[in-house]
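Number of protein chains: 2
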Amino acid sequence: MAPTEEPGSGNISAYGATRSTIREQPLGADEIKRMDAYFRASMYLCLGMLYLRGNVLLKEPLKVEHFKARLLGHWGSDAGQSFTWLHMNRLIKKYDLDVLYISGPGHGAPAVLSQSYLEGVYSEVYPDKSEDEQGMQRFFKQFSFPGGIGSHATPETPGSIHEGGELGYSISHAFGTVFDNKDLITLTVVGDGESETGPLATSWHSNKFLNPCTDGAVLPVLHLNGYKINNPTVLARIGHEELKALFIGYGWTPYFVEGNDRDTMHQAMAATLEHCVLEIRRFQKQARESNKPFRPRWPMIILRSPKGWSAPRKLDDKLLEGFWRSHQIPITDVLTNSAHLKVLESWMKSYKPEELFDKNGKLIAELKELAPKGNARMSANPVGNGGLLRRPLQLPDFRDYALKDIEPGISVRGSMANMAKYLRDVMGSNLETFRLFGPDETESNKLAEVYKVGKKVWMGEYFEEDQDGGNLATRGRVMEMLSEHTCEGWLEGYVLSGRHGMLNSYEPFIHIIDSMVNQHCKWLEKCLEVEWRAKVASLNILLTATVWRQDHNGFTHQDPGFLDVVANKSPEVVRIYLPPDGNTLLSVMDHCFRSVNYVNVVVADKQEHIQFLSMEEAVEHCTKGLGIWDWASNDQGYEPDVVMAACGDVPTHEALAATALLRELLPQVKVRFVNVVDLFRLINEKDHPHGMPDRQWKAIFTEDKPIIFNFHSYPWLIHRLTYKRPGQHNLHVRGYREKGNIDTPFELAVRNQTDRYSLAIDAIDRVTTLGNSAAHVRESLINKQLAAKNEAYDNGLDADYIRNWRWSTKL
Amino acid sequence: MAPTEEPGSGNISAYGATRSTIREQPLGADEIKRMDAYFRASMYLCLGMLYLRGNVLLKEPLKVEHFKARLLGHWGSDAGQSFTWLHMNRLIKKYDLDVLYISGPGHGAPAVLSQSYLEGVYSEVYPDKSEDEQGMQRFFKQFSFPGGIGSHATPETPGSIHEGGELGYSISHAFGTVFDNKDLITLTVVGDGESETGPLATSWHSNKFLNPCTDGAVLPVLHLNGYKINNPTVLARIGHEELKALFIGYGWTPYFVEGNDRDTMHQAMAATLEHCVLEIRRFQKQARESNKPFRPRWPMIILRSPKGWSAPRKLDDKLLEGFWRSHQIPITDVLTNSAHLKVLESWMKSYKPEELFDKNGKLIAELKELAPKGNARMSANPVGNGGLLRRPLQLPDFRDYALKDIEPGISVRGSMANMAKYLRDVMGSNLETFRLFGPDETESNKLAEVYKVGKKVWMGEYFEEDQDGGNLATRGRVMEMLSEHTCEGWLEGYVLSGRHGMLNSYEPFIHIIDSMVNQHCKWLEKCLEVEWRAKVASLNILLTATVWRQDHNGFTHQDPGFLDVVANKSPEVVRIYLPPDGNTLLSVMDHCFRSVNYVNVVVADKQEHIQFLSMEEAVEHCTKGLGIWDWASNDQGYEPDVVMAACGDVPTHEALAATALLRELLPQVKVRFVNVVDLFRLINEKDHPHGMPDRQWKAIFTEDKPIIFNFHSYPWLIHRLTYKRPGQHNLHVRGYREKGNIDTPFELAVRNQTDRYSLAIDAIDRVTTLGNSAAHVRESLINKQLAAKNEAYDNGLDADYIRNWRWSTKL
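Line order of the protein sequences matches chains A and B.
Here the first sequence stands for residues -11 to 799, where the numbers follow our numbering.
Here the second sequence stands for residues -11 to 799, where the numbers follow our numbering.
These aren't lab readings, by the way, just hints derived from the structure by calculation.
As the structure is a prediction and not an experimental result, all values here were calculated from the model.
Please note that the accuracy of each hint is not assured.
Identical copies go unnamed one by one, so any copy, or any two together, can satisfy a pair.
Capping the alpha-carbon separation at 16 Å, the derived lysine to aspartate or glutamate pairs in EDC-like fashion look like this [stated by the list, open to error]:
#, residue 1, residue 2
1, Lys727, Asp675
2, Lys306, Glu453
3, Lys82, Asp750
4, Lys712, Glu48
5, Lys170, Asp116
6, Lys658, Asp116
7, Lys306, Asp454
8, Lys81, Glu19
9, Lys196, Glu230
Put together the whole structure using the sequences plus the hints.
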């Protein structure tokens, strides 16, 4: 065997002698042979998945009818991933490790699936994909086939918590799995394409938030595969010294394994992976025995192997292995080009399937032995089906945190600051299974109370000044990094591995993770179709610093449109709540923390606001999800003349003020006041589990009276939710219409016609029975609106109007 | 003056002796004194903006009534930014540089505004903010004040192309400005908070795409300010060696300037900035004179200065300067705490305004001299108002690229591959002002034709294999990196600095940049309110690899919801087009390339599709935006029984097939076929410039006939656009309903009820005059649907159904 060389700075291709930072030679020749056989078995299965629907053991010459009619799938990263997996198998057995595998490169599922099949898990989970010829045939055919499974590590994949359909989240997901999982190592293969994404590029810094005493470890393997779809990757085309510096800069210790010669690469990978595992254990031991958490320069591996490794180097005169042409189906025309069919056949035979599988198609015992047993198999790791590990949160009684002595429309309290006390105790009662995540906004969002039981995790350097209210700790429960992507990725990984948590964010910037939340919703929905997947805790997103109180942040901070994105996802997995005050917020949070398999979005402002409901009323209101507020209505015993509806805290406040104005100035008008907490109550019951029938809709909103609906977000969302409702022609929705600048809250409301005056005028204009009799009232309202606006404009101040412009309890 | 030290690895706080990589001492004592005075003037103005509405020169003792009622604004990064700006002034003058400034840190506008005011640009642009006491008073008052300006570098800010309300895009914007701008240096201050975001973290790699012969240079100054809102920043709390390695790894040469002592810091910054500028020029000279483009390790500066620099170190016993408390308003209670008011007063006086401004409030001539003149002033750089520099594209006649001899419903062509020829020539005719951007999908998106005139820019290492179809070049016109964020940021910067371009992306992953596009829309909209802003080219986004053809990519790749996000933005700045075939696609693209100040979103699939319209018809159809297709309808001379409408290419195809089925099987049913290209035509004219009046709506869609509307995206978008239309109760929209998996295109359509059979059945069910007479037809359609689905399922193939299931031209 050729000795491995140390990485140099010259040659940055995978072709040439194997180079490796660690130069031990832990494997005997026999072991290498067996491991390479295992590798060949995996590669054989990968190719089979891509191509075959029959003759899966190549017992007869390969013919067109053995192929799937449409060839779909990806070959590019399969070899590197399988190679990594099988080398970890050796160490799991040797050191009794607990390892989860995350597949970062796009479309790398064949590697993962083949490994799962080889270690028997796939057949245990899907008995029809048995370890025999017929099972293998079904296993091949289903891949990228209608009604079958996808080319990512989808929810159907045993051991997967990370589909990887959208790139960029492997490292943040991996860290999510190891927080508070002190014995777990999450082996994470990162694609070099994926590495170019923003979310991945910053997620390397997750190591500043990992405590070696109480958390497990992530072992990243950056797979320098060389190519993306049609381009080289950036990291594969910078010199050795830059690449090394980059990862040292990210706080890791990079170990290189580079080459294409399989024998020497096996030796190099075995040595390197073992070195890394032992280094992880050493750091953990040091920290745990001394009880002094520190930030190790954790090991990571840079694996440079050819894209499409073990394919023919060329097809005709075109490069294949080691080039982007091996990204997807490596030989595309086997159905029409018999010479190419022959090339494929020889290639498949070069793996010598007859030496790997017995005549029934089962992996031979000698190779079977290389995999660990039971749950030690990576594809059987229970963390990969985290719902199994989930225990319900120990929740304090949220009623104990009630805002008391509420005079509706009079009392002013900080709903969010109060809820923080409940959140503190939720955290305190679940110190190993609940974390709060946020991009440096937890304190700004009035949730600082939580620091009393769990500070902010910080493994960076400490300064003396941190004593001055820094709230940093190596053992903390709050995760804050200025990357919404990383926070969301951590939370997803934490929840998918069986724990609980919440993300808090400014409302406008949650759009940054639209796509991640979309993908998580899709994951959850598909899980519902996979029998063996146990339900995970809901992913809770609390949006605050909302559009209506962006007093000085201006137009860039005004965007409540995340709800539109969420509303497009499957009704089975999304819930949206807009509690109007402090007690409803508590009730909603309790509900969210008890729920499973949803993405719950809660929108509530962080400032002090007028309160409306006692805890008892709040619970009842939240249980119904929406309802008439009798105390604010004067239509008792009558048909209302107008329905004033609101959804969201500030909109509710203004709609109630409008109601008060109407009742004061036009007492003859019968106003019914409706508040909506659970947005999906508005949908028809046929379209959403929380929806309600038209009968109930009519009882609340009438079918012929004008409805003035004041909404927190863009008004059109209400229209799309209610487009077939009886009387929807009478529905006039007000909401944020993309009108704003540096405005006072009142001025912003006026610009978007969501202020009390606009709403009251709207009502007057719609109540046809009033005719011209209300003209003077209308005019006075316009004048009052103008006066209020000018006052705000002159003084630069109306933040307190919410407090000062109360209305009578007699309302 | 204390000599500066070289950066060590020990102390990583800004307190201690000044340390700096470059140790020249270019400034005389007098120069330092003057530059510090300039710095003090800037800081004085920043504080004034945050606090004052009167007594702006402190001619009398500071009293409560001199303050704004509500104190809003940010102090944290102002000093570091002003410091950087004024040191660049010296070099602009010395070397006659062309420099644009980009402000990355959040809410750092006071620095930029104060500099603009000091160099006189602000008063030139806004004459009421004159260079005298009254002007200064107005300048102070407007800041973060209702009706005034924001605390970011908003469009109202002279010289700004980057608002920075949402963090993470400073570097990618900066690179966008210097591509093809060979003499420009874009000085970019990057916040250390901002640096934690994903988009920023990967954008450092932009240096692999910059050609020193033909592009300008970006000079980043990473401002290690130490703190975000309430947390330390990651990069401020890692050791010197890690930090240095990180930027070497990113491919830069980092130069450190660290400390808090102003005199020595001035010396260090002057020396370092000068060194960097000369290094940039040297690299450019070398590349340009040799005509051998290479990738220099471009210089960048790491400026570690205390957060809130030049504030009091402590307020009472709480840290202020150098701590997160100086992030926003540094002393919050001056209105109620007279002792703190005094602290503020002494602090302001410590800048000695009387030495800086004359008694009328004008900056003294000696300091005025420090700024460059005319357009050399950074706040007057024309690139900062890029619309001024924009020249219309030289566009070939798109009609010359027409798909010819179209038999409607028969001809099958690749619309996208054909459009690529037009795009190639657009690029070829505008080789210095048009670039194409995309995350490694240009070839996959069938646009490879463009490489014939402009290859992919690549400044990474080259391998021999790149000759084999790599299409890489140091001088290229196509920008591909696997980061949607970076591509979008480059394009935004390129367009905002007066050039043109287009982003192409897979439809599902465009959600990754929802938030960026939102912010660009907001920028464009505000620009409309700023008189002096010249209009920039539209930002064009071409979405392909659409939801309906994600054959094997599965559920993660099915998300057409970007349109919902865009539709929430101001009607003044967004346009959405869904051309149904190749000639309409050409017409739409031509329109987009001619337009200004929009975000144009074009959705068109990349596969081969049936064609419908000749070029002449296409132009007419696109001009109308939507219309009845007479050749597909049989209601001529009659009222239709049903309107079949479609928007999007695949949906149009299926809706036409449904129409053909109806006409074949139920010839007595009068079907009107409507196609929509310009989505906003559906809105009422009152709500969107492209909208149409109800009168026209009725003429096309009728007000009492059932409308079956087959839509490309989520169906609810059509409902929200049409919620007040006459007869909208009769509107039945089909679209993607989040139902999918590994499906054939046909099966996917069936799942979402957008296939021809579902649509025809829908129509039969809605045409009340049919009664039971069509029951057998209905049943036969159900059977055909099932048979087609089973066939697809068995064979794993129906991609060709679009070709094979044509319908007669007699339709």
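Going through the hints against the structure:
1. Lys727 / Asp675: Classified as between; 13 Å across copies, 32 Å inside a copy.
2. Lys306 / Glu453: Classified as between: cross-chain Cα gap 10 Å, same-chain 62 Å, threshold 16 Å.
3. Lys82 / Asp750: Neither. Shortest intra-copy (75 Å) and inter-copy (63 Å) distances fail the 16 Å Cα cut-off.
4. Lys712 / Glu48: Intra 61 Å, inter 66 Å, cutoff 16 Å: neither.
5. Lys170 / Asp116: Cα proximity of Lys170 and Asp116: none, with 36 Å in one copy and 64 Å across.
6. Lys658 / Asp116: neither (66 Å within a copy, 51 Å between copies)
7. Lys306 / Asp454: between (60 Å within a copy, 11 Å between copies)
8. Lys81 / Glu19: So Lys81 and Glu19 pass the 16 Å test inside one copy only (14 Å; across, 70 Å).
9. Lys196 / Glu230: between (22 Å within a copy, 12 Å between copies)
When held up to the earlier numbered hints, the structure conflicts with 3, 4, 5 and 6 and fits the remainder.
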